[in-house]
Amino acid sequence: MISAQMIRTMQMRSGKIMIILLASTIAMGESWLLAQATQAPAAGTSPVRTPSAQRAGRRDPFQAIVIRSQQQEIPAQLPPGLRGLVIGQIRVQGIVRGINNEWIAVADNNTNRAYFLRERDEVWNGVVSRITADAVMFQERMTDANGRTNTRDVEKKIEQGTTGRRR
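Counting the sequence shown from 1 gives a position; this note's numbering is that position plus 17.
Please keep in mind that the hints were generated in silico from the structure rather than gathered at the bench. It cannot be assumed that every hint is accurate.
Claimed, not checked - Computed cross-link-like contacts, EDC-like style, restricted to lysine to aspartate or glutamate with a CA-CA straight-line distance of at most 16 Å:
| id | residue 1 | residue 2 |
| --- | --- | --- |
| 1 | K173 | D138 |
| 2 | K173 | E157 |
| 3 | K173 | E136 |
| 4 | K173 | D151 |
| 5 | K33 | E90 |
| 6 | K174 | D125 |
| 7 | K33 | E47 |
Sequences are here, hints too, so could you generate the full structure?
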């Protein structure tokens, strides 16, 4: 039969053994790290690989699985006039200052029709938020794959090679 005295002695010995093992493991780890740090890289070896390089071909675990489409589906038949302009297809040809001192942008799209844009004009997928002397700012409405509507600012500058800009 094992007495309480024997149990206490075994516990003390096992505790001492655990401390010795832990200390030796730490010492071995430090010496291994020092050996790795002082060892010079061999000639012709590849550079240190970063975690992103090691993950090549694998998906990022922190990125959403749902792929969001950046482009909304554009219907084949758009409404006529300004409401039918798609922000991605608009080309700003010139910007002029109107009689009441407001900026008016002259723009066209792939149909090569001229449209006059003013601030707060609605287009197919957004609104004209601001017009400056050399650019038009739009707030584009987008719907992501989850069905949420987001807005982003899009700046369209006057196209190079056009001479329609006056101040």
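To see whether the hints hold, each was checked on the structure:
A distance of roughly 15 Å separates the Cα atoms of K173 and D138; the hinted pair therefore holds under the 16 Å criterion. Restraint check: the Cα-Cα separation between K173 and E157 comes to about 12 Å, which is no more than 16 Å; the hinted pair holds. For the suggested pair K173 and E136, the alpha carbons sit about 14 Å apart, so the restraint of at most 16 Å is met. A threshold of 16 Å between alpha carbons decides the hint, and for K173 with D151 the separation of about 9 Å falls inside it, so the pair holds.
As the CA atoms of K33 and E90 are separated by approximately 71 Å, the hinted pair breaks the 16 Å bound. The suggested pairing of K174 with D125 holds, with an alpha-carbon distance near 13 Å, which does not exceed 16 Å. Proximity of K33 to E47 is assessed by CA-CA distance (about 21 Å); at most 16 Å being required, the pair is judged violated.
The structure does not agree with the numbered hints 5, 7 stated previously, though it agrees with the rest.
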